[in-house]
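Colleague: Chain B: place on chain A using the hints.
First to last, the sequence lines map onto chains A and B. Taking my numbering, the leading residue of the first sequence gets 1, the next gets one more, and so forth. Taking my numbering, the leading residue of the second sequence gets 1001, the next gets one more, and so forth.
If a hint is listed, it holds; no wrong ones were tucked in.
Mimicking DSBU-like on lysine-lysine, the simulated pairs with C-alpha atoms at most 30 Å apart in a straight line are: (1) A/230 to A/186; (2) B/1367 to B/1330; (3) A/6 to B/1392; (4) A/69 to B/1394; (5) A/116 to B/1394; (6) B/1352 to A/13; (7) A/69 to A/22; (8) B/1392 to A/13.
The following residues of chain B were derived to be distant from chain A, with all beta-carbon distances above 10 Å: (9) 1026; (10) 1173; (11) 1308; (12) 1372.
Keep in mind the hints are simulated off the structure, nothing from the lab. Model, not experiment: these values are computed from the prediction. From the three backbone atoms N, C-alpha and C, an ideal C-beta is built for every residue, glycine too.
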Amino acid sequence: MLLQIKNLKASIKNSDAEPILKGLNLEVNANEIHAIMGPNGSGKSTLSKVIAGHPDYEVLEGEILFNGKNLLDLEVTERANAGIFLGFQYPIEVPGVNNADFLRLAYNSKQVFEGKEELDPLDFNELLENKINMLNIPPYFIERSLNEGFSGGEKKRNEILQMAILEPILSILDEIDSGLDIDALKLVSESINKLLAPHKAVILITHYQRLLDYIKPTHVHIIYQGKIVKSGGAELALELEKNGYAGAVK
Amino acid sequence: MILQHKTWQENFTTYTSNLIEADEFRKQNWQSFLDKGFPSNSDEEWKYFNFEELFSQTINPFYAEKQTDLISESEKDQTSFVLPECEENQIILENGQIKSQKISNQQIIIASLDKAFSDYSELKIKYLNQAAKQDVFTLQNNSLWQGGLFFYMPANIVLNEPIQISLLSNSPHCANYSRNLIIIEDNCQAEIFIYCTGLNSSADELYLHNLINQIIIGENSQVKIFFVQNESKNAFQIAYTDIKLQNNSNLDFYNLSFGAKTSKHLIQADFLGKGIHHNLKGIYVLNNSQACHSQVTFNHNKPNCSSNQLFKGILSGNSKAEFSGIIKVKEGANGTSAKQLNKNLLLSPDAKIDTRPQLEIKADDVKCSHGATIGQLEDEEIFYLLSRGISKEKALEILTFGFAEEIIDTISIPSLRSFTEQLLTLNL
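One chain only, chain A, in its complex shape (with noise of 0.2 Å):
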């Protein structure tokens, strides 16, 4: 099993108020793509976060083993290399940092990790140039700097260009629908589809069926006040488009 998660609890960190997730279950394969849904506030950016190892927030029960580990025992630095990769709802612009050296320098981390020889910046071009390629990217994304003056769809697209660039065996992609027109999910989703391998698991946390036209998953999953309440299959997301959540909860 790629992710299991046991009864897991987290709540802001140094915060009163009550958790936000309260004992959720969930378990991934290789090979499979979950979606989870779930009404505005009922956890699923928390969700990601928190396997990501976001540090506002603090686990206070429950576990998430990644690959049979511990991921409660790594650093975030240490979680992504593990093959772990965050697509952001708001991606972060950086000025000032090109985006093709901080391409490079995540590839080349994650080549340190793996014991492997790092990319000087003439071979990792090339190996830029193909995933940009494969992507139908605009090779001025890589010149500027990273997410700086990028509208919502470029900022997306960017995050699917760091997926692709380093391979992460797990891939929880955060609404990476919202903001994006007709066209712009298309392509975005085309590219995702592009990047499934075998080996590798989606969790795509959207709220719309929409996204779910081009991206099959093999799960569907409803969150709710801070649980999964329940799963099924692609056609549990066509209820709920019907439905609404309230049908689907009660």
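Modeller: Leaving out everything else, chain B in the frame of chain A:
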């Protein structure tokens, strides 16, 4: 600094008797200096200056050539740092005196300033007393400078290669005085890199570098000046740059501070004609207990000029910085557009910044803005980079770099850009 005025007076007489132009000007300034004494923190300009630190050091204001602890020829850095682009155009000064010069354009006049003043009295009348500021360090420089640099670019010269002026300090436990008069006539184009450093960069010598730059930019001239302060980490630098801009001139001035234990740079620009554009960009990168005071006065005297100031500070350790900037828009200077922004990144809870952007507007139809920010690196930015497998140390470094890049990226001389990046990395 030892405040024994009595011995100073005797020293002054001996010291100046050997100088060219040991004249009334020196004596008057010396007297004013003695009368005035050092300022204190109640003086607005020196509000944040740590005098205790300066006075606790033994720095002889009279630099003498025959000192035993001066760095000998063999000990000097064999190759003083020169940008590759400046191989054919470099002037090296040691303790304010020209040691060597090389210039590809023979129309440009380079001479020692005292010689230029004694040969051309009209120059002296026009420029010697023109740097109007009368604070105690200026008075000291006025009375004790030696040699100096006279740099004169006649009209209609377009230089394709930058010129480097190195101001090297070799005055252990002494003050040394630099005085540079840079005149660029009409319709010129030039890039000048002014580099201040200790002559023996491997040793953290204690000295005081007292520096006055007078810069005159003629009509329609396009000039870039890169002032890099990389003094020894135990040194003091007190600098004053007086800039006069004529009609339709365009000056980009970069003030990049990395070195010195304590440095202060007052930059004053007078907009003396119409249609002038002046960009002033500053970076200060401080660590340990370094202090850096950046003070800017822009006098917008004439209509339809624009100016843009951007100062960015990166502070770690228990370093301290001051940014005091004032834009004065005089009566009749309509159509002025002036911006001033000071942004600071505090990387340590013990670092401290005092920032005071100010406006004084007496004209109509002006567009002015000013502001300051003080912040830390954003947690979300750090998390974003960490989540891509980048180590925390590297993440902090590239985010800090990114902060400075807004300025460094615009440096037009490639090797100076990478040199600046190196200095930044060394000082983080």
